[in-house]
Amino acid sequence: GAVVSQHPSRVICKSGTSVKIECRSLDFQATTMFWYRQFPKQSLMLMATSNEGSKATYEQGVEKDKFLINHASLTLSTLTVTSAHPEDSSFYICSAPPGGQGRSYNEQFFGPGTRLTVL
Amino acid sequence: AQKITQTQPGMFVQEKEAVTLDCTYDTSDPSYGLFWYKQPSSGEMIFLIYQGSYDQQNATEGRYSLNFQKARKSANLVISASQLGDSAMYFCAMRERPSSGAGSYQLTFGKGTKLSVIP
Numbered sequence: 171g172a173v174v175s176q177h178p179s180r181v182i183c184k185s186g187t188s189v190k191i192e193c194r195s196l197d198f199q200a201t202t203m204f205w206y207r208q209f210p211k212q213s214l215m216l217m218a219t220s221n222e223g224s225k226a227t228y229e230q231g232v233e234k235d236k237f238l239i240n241h242a243s244l245t246l247s248t249l250t251v252t253s254a255h256p257e258d259s260s261f262y263i264c265s266a267p268p269g270g271q272g273r274s275y276n277e278q279f280f281g282p283g284t285r286l287t288v289l
Numbered sequence: 011a012q013k014i015t016q017t018q019p020g021m022f023v024q025e026k027e028a029v030t031l032d033c034t035y036d037t038s039d040p041s042y043g044l045f046w047y048k049q050p051s052s053g054e055m056i057f058l059i060y061q062g063s064y065d066q067q068n069a070t071e072g073r074y075s076l077n078f079q080k081a082r083k084s085a086n087l088v089i090s091a092s093q094l095g096d097s098a099m100y101f102c103a104m105r106e107r108p109s110s111g112a113g114s115y116q117l118t119f120g121k122g123t124k125l126s127v128i129p
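Protein chains in written order, with the working numbering: chain R, 171 to 289; chain V, 11 to 129.
One or more of the hints may lead you astray.
Said to hold, decoys possible - Derived coverage of chain R by chain V (criterion: at least 3 residues anywhere in the stretch with Cβ under 8 Å from a Cβ of chain V; other residues may be distant):
hint, region
1, 180-189
2, 246-256
3, 259-267
To be verified - Once the Cα atoms are required to be at most 20 Å apart in a straight line, the calculated SDA-like pairs of lysine to any residue come out as:
hint, chain 1, residue 1, chain 2, residue 2
4, V, K13, R, Q212
5, R, K211, V, M99
6, R, K190, R, E277
Quick caveat, the hints were computed from the structure, so don't treat them as lab data.
Note that CB positions come from ideal geometry on N, CA and C, so glycine has one too.
Here chain R stands alone, though its shape is the one from the complex (with noise of 0.2 Å):
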C-alpha cells in the first residue's frame, strides 16, 4: 500500500522558535495533502490543504502567518510553525489522497504524525 512518513516524530522546542514538519508520499504523487491537528483526547481537525504548485488553503481559525506550508514538490508538503508558544503544542498529522494513479481516491493515507512540545 500507499506510504506517507513525517519527519520528525517528535520535536520539543522552545517558546519563540520555528519548527518545520515535513510530510512526504514514498510511492505515489500527491498534487494535495491536507494538514490536521489533534489535541489530546480529541478528535483530527483540518487545518489546511496543501497544494502543489500553489497557496495553501487554511480552514477558518487558522493563522496562515502562522502556520506556513509549502508543497515544493509532488512528494514534499512541510508544514513550519513560527513562533511557537505552548498552546501549539499538539500532535500534527498529514494525509495524502493518491487518487488518479491507478488508486482511487477512496483511500487516503496519513503520516505517522509529529509530536510538537513546545516549551
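Since chain R is already given, all that's left is putting chain V on it; use the hints.
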C-alpha cells in the same frame, strides 16, 4: 450542526465478542464516502474500511464490517471476535465532494470512541 457524530466516548468489550461502534452523519451531498480509522496510542491513523454512498452492499474487511443505513444516515462499525490489540480510539470520518469542484477531498472526523477490550 456536527457532520459526524459518535455518541459513545468509551466502549468496553470482552475478548472474542463482537462490538458495534456508532456513527451518524449529516450531509446534503448525494455523493459522499464514509471511513473508519483506528488510532492506537502511538498516534498513527490506520485505515479500516470505506463505504461509498452509492455502494449497494455493506463494506467488509476481514473482522470489520460497516452497517450502512443510508436512510438513517448511519454507518456503524462492527468488529467481530474482538482481540486485545483492538483496544484503541476509533474515528468515523466523511468525505464530501469539494464545493470548489477542485480535487481537495478532505475528511471530517467525529470525536472518536475509545474501545477497550477486556481479557
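These are the hints, each one checked on the structure:
1. Residues of the region 180-189 of chain R with a Cβ under 8 Å from some Cβ of chain V number 0, which does not satisfy the need for three, so the listed coverage is violated.
2. Taking a C-beta to C-beta cut-off of 8 Å, the region 246-256 of chain R contributes 0 residues in contact with chain V, too few for the three needed, and the coverage statement is violated.
3. With 4 residues having a Cβ less than 8 Å from any Cβ of chain V, the region 259-267 of chain R passes the three-residue criterion, so the hint holds.
4. Among the hinted pairs, K13 (chain V) with Q212 (chain R) is consistent with the structure: their alpha-carbon atoms are about 16 Å apart, no more than 20 Å.
5. Among the hinted pairs, K211 (chain R) with M99 (chain V) is consistent with the structure: their alpha-carbon atoms are about 9 Å apart, no more than 20 Å.
6. A C-alpha spacing of about 27 Å is found between K190 (chain R) and E277 (chain R), which places the hinted pair above 20 Å, so the restraint is violated.
Consistency with the previously given hints fails for numbers 1, 2 and 6, ordered from lowest to highest.
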